[in-house]
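Numbering (our numbering), first residue to last: -1 to 161.
One thing to keep in mind: the hints can contain errors.
Unchecked claim - Label-pair ranges, simulated between beta-carbon atoms:
{"hint": "1", "residue 1": "V130", "residue 2": "G99", "range": "27 to 35 Å"}
{"hint": "2", "residue 1": "E129", "residue 2": "P151", "range": "15 to 23 Å"}
{"hint": "3", "residue 1": "E22", "residue 2": "V148", "range": "34 to 42 Å"}
{"hint": "4", "residue 1": "G99", "residue 2": "S128", "range": "13 to 21 Å"}
{"hint": "5", "residue 1": "R132", "residue 2": "P17", "range": "37 to 45 Å"}
{"hint": "6", "residue 1": "E39", "residue 2": "W152", "range": "37 to 45 Å"}
Hint data in this document are derived by calculation from the structure and do not stem from the laboratory. Quick caveat: nothing in here was measured; it's all calculated off a predicted structure. Backbone N, C-alpha and C define an ideal beta-carbon position, used for all residues, glycine too.
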Amino acid sequence: MSATRSAGVTARPALPCRPVLVVEETAALLDSLRGVWDEVEVDELTHALQAAARAVDDGADDELVLAAALHDLGHSPLCSGRPDGPGHDRLAQRWLTPRYGPRVGWLAGAHVAAKRYLVATDPHYLAGLSEVSRASLRAQGGAGVDRAWVTHPWWPDALRWAL
């Protein structure tokens, strides 16, 4: 889509979604994570808020904070597919990309690959995972390095907040 010029003013390309609707959809998805348990200690809504807070504390830019907050939207019962099933990272990426842009979607989609990578390359990382997270790691293919992810220019950002 190209911008048009009229009377010396450059018009911005139309957004794929109306911003108010995107915010409302996002709020509904986040709210639907209340009471969805993927970990023992906190529900998915609390996990999302904690991830965003850690990203802010780490000095992350707005897109990285947003990706951190929304990376587990695929666990929402409002998303297609099984909330507890594999592929929640891809569901989040597909939902986020048209609404928040390719970087937010990609970063959210990379969080499982980042966890697998960190387990494969950092002997201390596995020790810090809960038993529930270890079980999900096994379901996600276990430790591994996927070249398609690690060669991407946004990969270092994905590792900054891998949860």
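Hint by hint, here is what the structure shows:
1. V130 x G99: 27 to 35 Å: holds, 31 Å
2. E129 x P151: 15 to 23 Å: Given a distance of about 34 Å, which is not inside 15 to 23 Å, the answer is violated.
3. E22 x V148: 34 to 42 Å: Check passed, 36 Å falls within 34 to 42 Å.
4. G99 x S128: 13 to 21 Å: Since G99 and S128 have Cβ atoms about 31 Å apart, the given range 13 to 21 Å is violated.
5. R132 x P17: 37 to 45 Å: The hint (37 to 45 Å, Cβ to Cβ) holds, given that R132 and P17 are roughly 39 Å apart.
6. E39 x W152: 37 to 45 Å: violated, 29 Å
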